[in-house]
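In order, the protein sequence lines correspond to chains A and B. Going by this note's numbering, the first sequence opens with residue 213, and the numbers climb by one from there. Going by this note's numbering, the second sequence opens with residue 213, and the numbers climb by one from there.
For the record, the hints were derived by calculation from the structure and aren't laboratory data. The model shown is predicted, which means the values in this text are computed figures rather than measured ones. Hints may be right or wrong, so weigh each one.
Identical chains blur together in the list; that is why a pair holds if it fits in one copy or across any two.
As the list claims (entries may be wrong) - Each computed EDC-like pair below joins lysine to aspartate or glutamate, with the alpha-carbon atoms no more than 16 Å apart:
#, residue 1, residue 2
1, Lys215, Glu389
2, Lys470, Glu224
3, Lys636, Glu322
4, Lys370, Asp605
5, Lys480, Asp536
6, Lys344, Asp605
There are 2 protein chains.
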Amino acid sequence: MKKAHIISIGNELLIGDTVNTNASWLGGLLTEQGFYVEQVSTIPDSYDLIFGNVKSSLVEAKVTIVTGGLGPTHDDITKKVMVDLFDTELIENNEVLDFIKSIFKRRGFEFSRSNAAQAWVPKNCDVLFNNKGTAPGMWFEEQGNILVVLPGVPTEMKFLMEERVIPKLHEKFPDREAWATQYFKTSGVPESTLSDHIGDLNEFENNGVGVAYLPGVSGVTIRISANGLDVKQAEGKLETLKNYLYDKVGAVIFGEGKNLTLEAVTGKLLSDNKLTIATAESCTGGLLSSKITDIPGSSVYMKGGIVAYANEIKEGFLKVSKKDLEKSGAVSKIVALQMAKGVAEAMNADIGVSATGIAGPDGGTPDKPVGTVWMGFWIKGDHFALKTVLSNDRLLNKERTVMIILETIRRRLLKLEELPYQLKPQTV
Amino acid sequence: MKKAHIISIGNELLIGDTVNTNASWLGGLLTEQGFYVEQVSTIPDSYDLIFGNVKSSLVEAKVTIVTGGLGPTHDDITKKVMVDLFDTELIENNEVLDFIKSIFKRRGFEFSRSNAAQAWVPKNCDVLFNNKGTAPGMWFEEQGNILVVLPGVPTEMKFLMEERVIPKLHEKFPDREAWATQYFKTSGVPESTLSDHIGDLNEFENNGVGVAYLPGVSGVTIRISANGLDVKQAEGKLETLKNYLYDKVGAVIFGEGKNLTLEAVTGKLLSDNKLTIATAESCTGGLLSSKITDIPGSSVYMKGGIVAYANEIKEGFLKVSKKDLEKSGAVSKIVALQMAKGVAEAMNADIGVSATGIAGPDGGTPDKPVGTVWMGFWIKGDHFALKTVLSNDRLLNKERTVMIILETIRRRLLKLEELPYQLKPQTV
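Take these sequences, add in the hints, and give me the full structure.
Below, the structure written as structure tokens:
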């Protein structure tokens, strides 16, 4: 297999300011592409260390990906090292310069001299045009080995890898060993339960299929991968396992694909069924409506939402009963139910959902500990609430509540029997 | 300064299953302890690569920390490499063996042979007793340099570092240099502009003070660091630069501290001034109210919000004029202004803010390209709107809009002259 090295440049990585998520992402992508990632070196913004590490990786690995040090300030020296390493010179790239100028003009910023420098590139490289930022990526070839230099900003690095580098790698190395990977995204089931239901996979693993459980925001992702003489053969190996997985745990798989989100899948279900939705949020504070509206085209199904943080807002906007608020408290089944129905009616939506809870880290009582959440659902008259107790981590509680709500909508629309985490629907 | 190297062993790190948070944590800790972390190498569970990397780090660095490969399964080979590297043998450590047996007994597990093997350690090492797990850490000394080998499980690694390794490092290197670091968080100014305004820092850098610009969600963070004979001296060196920074760019510094957020600072300003706020969001979809409510205690100042995704919601809930919606469109100054005032009045809040724009990636027109955002502000009668054009990245547009709004509130409450990105307030 062709070896790959990753070099992450940046003092902030070494002193613990930033976690090296770039290397992890790159490692996963290169592995999928059939490369053997032999090494990740994280080094400072130091001329000597960059020079030395790049020089040796360029010899040892077929593909070396370098990230970092391409910004406009004085500690960004990666480009200078490349010029010296290849004994070349910098030339101005007009396309990049124009692009940088247009970014600044559009935003109304002053174009600074240090930004102009980002348009100068080593003469011997192929420029990888960066639509997401001011620093272009660079592709070098040396004695059959490839060196790719990218900005360290994650969104820009990922864009350049996916849109520019991967196609060039396909061109350069057309007959790599084929590697096929598939991702099955689940929600509403813990890893240990999922693994128990799936059971022993030795038969598949002995046939060269790798299986991994990856934790994630919306739930556990099952990753299966196999190699083969060509893509067809590799994918063929996965087909049997895929069928097996759907047979065992199909209900909790909301879709396939590494980057697939629960909000996209639920959104599509709403759109396919021509349903509209409105949200009433207290403890989640707007995160639910924000996730729903992260999806382009969500205006088709999303009417809007109320963030009813203060109780008077719950009363005034959602018609929650003052008496019930006083009697049962905001974090209660009755209030969750009223919020869900209230927002659906106020916004004339087919579906209303609500979240009211104790986000934490403080605010709990023996009766209602931190992490207690009631989620209300009004799905065209189907009116119920779910209760769970999460953790004392405020931000995680918000995220998890949002995901449980989205998964509940998904399962209800698909008429699946079980709800996330086997929660039981409660009515008035 | 004494050099430190970190070697992280584990296939899962290279194929992207696990992010290398251990290295980040270790880097931060070693830096605080006055070491210069020169390199992190992440390598597979491969005999040759472990041998080669440990051997060279042991020569190049005063302290090398190795994590991983100490588990009970067949791919855990780190200890074998150590035995060969030091040309020594394994001996059974009774204290560790008894401890492992007691763990298993207590949990009711069957004690396996592979677990017994974890009690065997290289003859030439100091055992670092691991109360948190079955694999002890190991401390080796070779020609004045230190090699520490720890399990990769984060809780165990951190325990061993803090409880066993740090005390031994203090003993071994009693007169290390002290290190001080400070973080200044800015918002509303691009890195190049910030760097230009701060100017030449040679004078400080020649005095041993390092400066770095770190990009982040809310804006650029300026990190300054210095070493000295003791902490007092190190901090003293930073004092002058700190004053210089406040003098040059004080207005854009919203606070100090690595993890400080703009929403926390703005929230505190609202709370200190006894002001309440309500949000009216279209394109940001709830992200603004979600960020505000991420802060514990935000219920003191946050009344709530309306996510007015559909135009009828803008009309019905925010009293936006149907005529103006039809005439100027939802993404316009007049609608942003009405939304801000409308929500403040509807929720009886001192401050109302709004965001209406084209989040993307589609939906633009020549007149209003993707990324066009109008942000409305009603701050106790002070009524104005800001306009900017961001990018075609939907999620980034939402984030950036939220940060511009929070920073605008902050600067307005502090009566600072300039608004973020030099945007000009526009009125009816």
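Hint check:
no. : hint             : result
1   : Lys215 to Glu389 : within (12 Å within a copy, 40 Å between copies)
2   : Lys470 to Glu224 : between (28 Å within a copy, 12 Å between copies)
3   : Lys636 to Glu322 : between (58 Å within a copy, 14 Å between copies)
4   : Lys370 to Asp605 : between (30 Å within a copy, 13 Å between copies)
5   : Lys480 to Asp536 : neither (35 Å within a copy, 32 Å between copies)
6   : Lys344 to Asp605 : between (33 Å within a copy, 8 Å between copies)
Of the numbered hints listed earlier, the single one contradicted by the structure is hint 5.
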